[in-house]
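2 protein chains.
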Amino acid sequence: MKKQDKISNAVIKRLPRYRRYLKELQKKGVDKISSNEFSRLIGYTASQIRQDLNNFGGFGQQGYGYSVEGLYNEISAILGLDRQYKMVIVGAGNLGQAIANHTYYYKAGFVVCGIFEINPRLIGIKINDIEVMDYENIVQFVEDNNIDIGIICTTKDAAQEVADKLCFAGVRGLWNFAPVDIETPSRVAIENVHISDSLHSLAYHMNKIREEK
Amino acid sequence: MKKQDKISNAVIKRLPRYRRYLKELQKKGVDKISSNEFSRLIGYTASQIRQDLNNFGGFGQQGYGYSVEGLYNEISAILGLDRQYKMVIVGAGNLGQAIANHTYYYKAGFVVCGIFEINPRLIGIKINDIEVMDYENIVQFVEDNNIDIGIICTTKDAAQEVADKLCFAGVRGLWNFAPVDIETPSRVAIENVHISDSLHSLAYHMNKIREEK
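Chains as they are written, first to last, in the numbering used here: chain V, 1 to 213; chain Z, 1 to 213.
Mixed in with the good hints there might be a few duds.
The list makes no distinction among identical chains, and a pair is therefore deemed to hold if it is satisfied within one copy or across any two copies.
Within a straight-line C-alpha distance of at most 25 Å, the following computed BS3-like cross-link-like pairs (lysine-lysine) qualify [said to hold, decoys possible]:
1) K165 x K86
2) K23 x K86
3) K13 x K32
4) K208 x K165
5) K27 x K156
Calculated from the structure, these hints are not laboratory results.
Take the sequences, apply the hints, and build the full model.
Dropping the structure here:
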């Protein structure tokens with residue numbers, strides 16, 4: 001893999017989508033694909049696709065197209081999906097449970113090792129065979145098990161405090177679902193997921209369609 | 001509001017974030033803000049902010065800055081958040097329940113009117129005071145109640161079929177959480193939410209930080 005330092009965040013955000021479509025193609029037994037065919041499938045322009053993939057040295061051959069398996073493996077490696085990550089979930093409410101149950105993460109190398117909660121009624125139960133433990137013991141657990149990622153499924157008010165504790169304990173990344181932007185020290189990566197933002201985009205597009213009629 | 005037709009999707013995707021920060025400022029009693037101050041807060045460059053907001057005619061005044069309340073209301077209107085939307089959820093598993101419980105949607109004008117399920121053990125229960133009904137009756141319910149948005153919280157395999165039924169019944173938008181890109185007729189807006197994409201971006205940034213050390 002050719003190392004490149006100045007890949008924009010916009011390109012990085014498109015890579016998981018490329019990867020998903022390549023996986024579907026692999027499942028259908030497709031070996032190679034041209035940027036034009038890929039364009040029709042994925043909904044980006046062919047020139048956008050070529051430009052994006054050139055960031056990584058480009059994997060296509062003139063007149064041949066892209067190797068589906070090769071491109072899939074390269075993108076997986078770029079994203080760091082060729083290794084395993086250990087995760088803990090904080091908050092065992094519906095959202096925490098939904099994430100604990102999404103078994104396709106595990107296949108992709110993201111393993112949920114524990115769920116932490118302050119509500120005593122939930123401590124001790126198992127969700128998808130993962131034990132719900134007392135939040136009091138989280139620092140020790142993260143240290144002992146070399147946890148890489150903390151998933152925050154708490155309320156908005158608790159989120160930053162939980163983030164601080166997880167960073168202190170030594171996680172390298174936070175995946176935050178609480179509806180607030182969390183801040184981390186520069187050594188810890190953060191993805192703030194604001195589910196409602198996509199609902200607001202949806203409202204915009206619905207009204208746009210109506211106006212155009 | 002000045003009507004503009006060629007606003008890029010990238011700008012639209014940033015508007016909900018502007019709106020969230022403006023709401024926080026309002027809560028803190030801030031009346032006005034310069035693009036430079038806003039830049040430090042939200043993490044976009046000041047020129048990006050000015051450029052984005054100019055798409056809508058611009059609401060700032062030279063030497064004064066933006067009116068926090070004015071800008072908040074304008075962005076809300078642009079996104080179509082100054083009216084109410086009626087929604088149904090399909091799938092009463094953890095994810096469907098998590099969304100039904102996120103009461104802050106309701107405050108923002110997005111009302112969940114019903115949840116639909118095929119699993120007979122879940123039909124009849126209430127989640128956050130919303131009844132779980134038999135999926136067999138969904139078309140009638142959507143028609144009778146003028147439902148605007150269908151939220152898909154089913155498995156990957158069921159998602160497109162559910163989408164087709166919701167479109168047939170007359171929804172104007174679909175918010176899809178199943179891990180597959182759904183297709184809709186051009187009269188129906190669609191937001192496919194791929195939660196795992198952000199997990200993959202997180203993995204990339206974690207490895208990037210490690211490499212830089």
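Hint numbers contradicted by this structure: none
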